[in-house]
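**Student:** Since the structure of chain S is already known, use the hints to place chain B on it.
Number of protein chains: 2
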Amino acid sequence: MFRNRLRSKRLWDRIVDAEEAARLITDGMTVGMSGFTRAGEAKAVPLALAERAMRDPLKITLMTGASLGHDLDSTLAQAHVIARRLPFQSDPILRNAINSGEVMFIDQHLSETVEFLRNGALAVDIAVVEATAITEDGGIVPTTSVGNSASFAILAPKVIVEINLSQPEGLEGLHDIYIPTRRPSREAIPVMAPDSRIGVPFIPIPAEKIAAIVVTQSSDSDSPVEAPDAETDLIASHLTEFLLREVRRGRLTERLLPLQAGIGTIANAVLHSFTEAPFHDLTMYSEVLQDSTFDLMDAGKLSFASGSSITLSTEKHRRVLAELEHYKRRLILRPQEISNHPEVIRRLGIIAINTALEFDIYGNVNSTHIGGTQMMNGIGGSGDFARNASMSIFVTKSLAKDGTISRVVPMVSHVDHTEHDVDILVTEIGLADLRGLAPRERAEIIIANCVHPIYREALRGYYRRALLRGGHTPHLIEEALAWHDSLRRTGKMLP
Amino acid sequence: MFRNRLRSKRLWDRIVDAEEAARLITDGMTVGMSGFTRAGEAKAVPLALAERAMRDPLKITLMTGASLGHDLDSTLAQAHVIARRLPFQSDPILRNAINSGEVMFIDQHLSETVEFLRNGALAVDIAVVEATAITEDGGIVPTTSVGNSASFAILAPKVIVEINLSQPEGLEGLHDIYIPTRRPSREAIPVMAPDSRIGVPFIPIPAEKIAAIVVTQSSDSDSPVEAPDAETDLIASHLTEFLLREVRRGRLTERLLPLQAGIGTIANAVLHSFTEAPFHDLTMYSEVLQDSTFDLMDAGKLSFASGSSITLSTEKHRRVLAELEHYKRRLILRPQEISNHPEVIRRLGIIAINTALEFDIYGNVNSTHIGGTQMMNGIGGSGDFARNASMSIFVTKSLAKDGTISRVVPMVSHVDHTEHDVDILVTEIGLADLRGLAPRERAEIIIANCVHPIYREALRGYYRRALLRGGHTPHLIEEALAWHDSLRRTGKMLP
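Line by line, the protein sequences are chains S and B. Take any residue in the first sequence, note its place counting from 1, add 7, and you have its number in the working numbering. Take any residue in the second sequence, note its place counting from 1, add 7, and you have its number in the working numbering.
Excised from the complex, chain S in its bound form (with noise of 0.2 Å):
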């Protein structure tokens, strides 16, 4: 078995314990890791790293795909071997040590980091890359994420590989492998669709490049998705009636047009709910495959989805990886910059459903900052696809920590996404349209459709007094953050 999983026989000597790999990273280095939202992390090197960092401390800049499994970033973070890190992370354990200062985070679109390393703004010195197999001439085969994997065993003079016999075999044929060429001389990426398959089933580099091989036993983390509640229920039924509109009305068909999800409950929860619409043949372009990814192929719903990653709970993983060739057949993997780039979102006018931390009244989002200093987990892929998607929708429950906080406010506390990128907004609510509307039609529209009823007087208040002060987008200015300022200090935004 073995013998398929490390097929370049020059290889064989490569192979070393993880402690052993580890030496390879030094102080000062910055490393490139496979991992995107707890799925295809490279899994012993890293331990081994932090571990050797307790005896011995050292730093480095911290590059994946996106979060990690396992509680590495935990881990790393508590050895402080992180220096830097890029482009995102989910981790209680390193946010607070990007929250202290420790840590410098660069928050990026996922689909950027690659080019900044390709012209030279950033550079790579190692990458650490799980895989499933090498094959005969030293390609890599990823597992279950490809993220900027590719990237980083072509750019980094050294790679070190983990063969994860835990991953399934399977896997081999599921990953296209696609990198664009330099500027300015670039061709198009020939994604036409999200079935396309435009490169190569491996990451291309020559065998001689790979520097240690460590063969790792353990499965992907865990990511469970909290059940539908009530509101996530409401939310859903509130965006499949808008599309049923849109579709009445001659603008989109029931085979809607690609779909994207951004990670996390309430969007999974969107996505499931489509298993009782009356849409059919949908397709996914996304970045995460989620469980709902998978109830909508079992429920005949989903035809094709294309994404960089798998991350499921325990029990959709072990069904989903037991039925692999079931599935393979109707799903792409591709790198982050692929399945995020700005051109292909374009062309294939993807309806893109991401969460918001809160919104304010004129429709800007905020995805990453509580308070507008503290960081979540950063804005991941939501970027990338609300500029460029045919509909840019942000889904979000509008109360939070029982009450305390409206997610719909005056002005956000931070802006990641401008009014010029949001569509439309849903809360348990109701639903706001807000194509071709200005700043005042948006609040009042926001205001009755999305806000909370406890909420809801304060805010029309607040619109009305801004409106005597006139302006395209009225604003009291001096109170425009006053209900993330009472948060801060009585724990409530409103007394």
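Hints listed in this document are in silico derivations from the structure and should not be mistaken for laboratory results. Here the structure is a predicted model, which means the values were calculated and not measured. Glycine residues also receive a C-beta, built at the ideal position from the N, C-alpha and C atoms. Any given hint could be a false lead.
What the hints assert, rightly or not - Just a few of them, taken from the derived set where beta-carbon distance is under 8 Å, the chain B residues facing chain S: (1) 112; (2) 129; (3) 257; (4) 350; (5) 386; (6) 395; (7) 397; (8) 421; (9) 425; (10) 427; (11) 443; (12) 447; (13) 487; (14) 488; (15) 491.
What the hints assert, rightly or not - Here are the computed distance ranges between Cβ atoms for each label pair: (16) 214(S) to 442(B): 30 to 36 Å; (17) 58(S) to 472(B): 35 to 41 Å; (18) 211(B) to 254(S): 27 to 33 Å; (19) 211(B) to 229(S): 52 to 58 Å; (20) 310(B) to 193(S): 15 to 21 Å; (21) 472(B) to 90(S): 24 to 30 Å; (22) 472(B) to 240(S): 44 to 50 Å; (23) 333(B) to 193(S): 27 to 33 Å; (24) 448(B) to 65(S): 16 to 22 Å; (25) 476(B) to 193(S): 41 to 47 Å; (26) 335(S) to 34(B): 56 to 62 Å.
**Tutor:** Frame of chain S; chain B shown alone:
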């Protein structure tokens, strides 16, 4: 001569005066007019419409490419013709009507308006397009801009054409009209270099859609550019030095990458300064071609320029149109959807230079709203370029209004470009290269390099006090907009 201008004989009987043509526009209609940054707008019909409205009130939604010349937006606003306006304007009287709430203004990325038309979220009832000529089959040859004219004419059921005899016949052949196919089966936009010709040199519509033809004679408005001053010279020299450093580090060649420069004095001055820099064989892939484009061609520095309009000072206008044949083989005018297309901008790796109204210590940029509420002009194409450029540069003078305003503030009062989309900031004080930096690092370098000395200690003090509270992006949320509030109350940002 006129036979060359109207080559379809069966259209001769459509020639009417402007007043009669304007009668095709009725109350409540959405009208799509040509015109992009004061170039190539329909000139007679909107005037006739405004005159009629003084006697017989009517309201329309007015879409254009961008801003109009000949004070048409003033005239239409004064006649209360405009109920809604998109996607851009720069007119002082219309601006007041927008800020007072009389006119609903939809401030859009310039590449996106026609996507909304194509997917049915917006619709156009009639197009009014300035032409150099009409071909044998009814094809419309635009004049000094393309803007959204092609899609307006194609999507509207009726078209009014203004043949402008003052626009030289030699403009024919300059344009390249390409319209993307409908999604989801859209093809790649085949622009592979600034000089790629991918379409036809006229707007292809059936002759029978042309409902009226008006013959006009008045040339485009003058677009004076202020002469470079000591501060714009410093901005230009900081940027040139930076780009030369990038060349020395091997990240760019002396040909740089295709350039985009936003409209306005500072960007024009920066580009003009490249006539003296050691760059060569430059190209532009931009939206507006200003005086500096032709200065660079005359200096032998610029080998090709692609744009959506030519907007010049009187003197330059006379010279360029007189020597059109000389310049023509090095110029293309495209629909703004193509000049500003994310796909092409990302592919070519454009260096984008746009003007900020203000930016904050973390690199967020406000391009549109004075004091967070009053619309200036609109976002225009700055978002199309900044998001997808290989290098996104924003320039501004560090002070405004005799030093009562700092262009660098604790927190911008409105966000058009988020920190994720801003690579380089330049004022006359200096340049901040933000690539690969976390917010705290950005703050240090912006305060040190870009802020005027009279505001530097105040900003540094704000930042230091914010640091005590911690956070990925430290702010004193109750004080973040205090400079804007002070300006509103006292006319000065600081006492």
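**Student:** Each hint needs a verdict: does it hold in this structure or not?
**Tutor:** Evaluated hints:
1. 112: Residue 112(B) check passes; min Cβ-Cβ to chain S is 6 Å, inside 8 Å.
2. 129: Hint holds; residue 129(B) Cβ to chain S Cβ min 5 Å, cut 8 Å.
3. 257: Constraint on residue 257(B) satisfied, holds at 7 Å.
4. 350: Check passed: Cβ of residue 350(B) comes within 4 Å of chain S, closer than 8 Å.
5. 386: Where the cut-off is 8 Å and the nearest Cβ of chain S is about 6 Å from residue 386(B), the hint holds.
6. 395: It holds, given that the least Cβ distance between residue 395(B) and chain S is near 6 Å, below 8 Å.
7. 397: The hint holds - residue 397(B) has a Cβ within 8 Å of chain S, the shortest such distance being about 6 Å.
8. 421: Where the cut-off is 8 Å and the nearest Cβ of chain S is about 7 Å from residue 421(B), the hint holds.
9. 425: It holds, given that the least Cβ distance between residue 425(B) and chain S is near 6 Å, below 8 Å.
10. 427: Since chain S brings a Cβ to about 6 Å from residue 427(B), closer than 8 Å, the hint holds.
11. 443: Holds: closest Cβ of chain S sits about 5 Å from residue 443(B), inside 8 Å.
12. 447: OK, holds: residue 447(B) within 8 Å of chain S, min 6 Å.
13. 487: holds, 6 Å
14. 488: holds, 5 Å
15. 491: With a closest approach of 5 Å, the residue 491(B) hint holds.
16. 214(S) to 442(B): 30 to 36 Å: Hint holds: Cβ distance 33 Å, inside 30 to 36 Å.
17. 58(S) to 472(B): 35 to 41 Å: Roughly 39 Å apart at Cβ, these two residues keep to the hinted range, so it holds.
18. 211(B) to 254(S): 27 to 33 Å: holds, 31 Å
19. 211(B) to 229(S): 52 to 58 Å: With Cβ atoms ~57 Å apart, the hint holds.
20. 310(B) to 193(S): 15 to 21 Å: holds, 19 Å
21. 472(B) to 90(S): 24 to 30 Å: Distance hint for residue 472(B), residue 90(S) holds at roughly 25 Å.
22. 472(B) to 240(S): 44 to 50 Å: holds, 45 Å
23. 333(B) to 193(S): 27 to 33 Å: holds, 31 Å
24. 448(B) to 65(S): 16 to 22 Å: Cβ of residue 448(B) to Cβ of residue 65(S): about 21 Å, so the range 16 to 22 Å holds.
25. 476(B) to 193(S): 41 to 47 Å: At roughly 44 Å between Cβ atoms, residue 193(S) and residue 476(B) fall inside 41 to 47 Å, so the hint holds.
26. 335(S) to 34(B): 56 to 62 Å: holds, 59 Å
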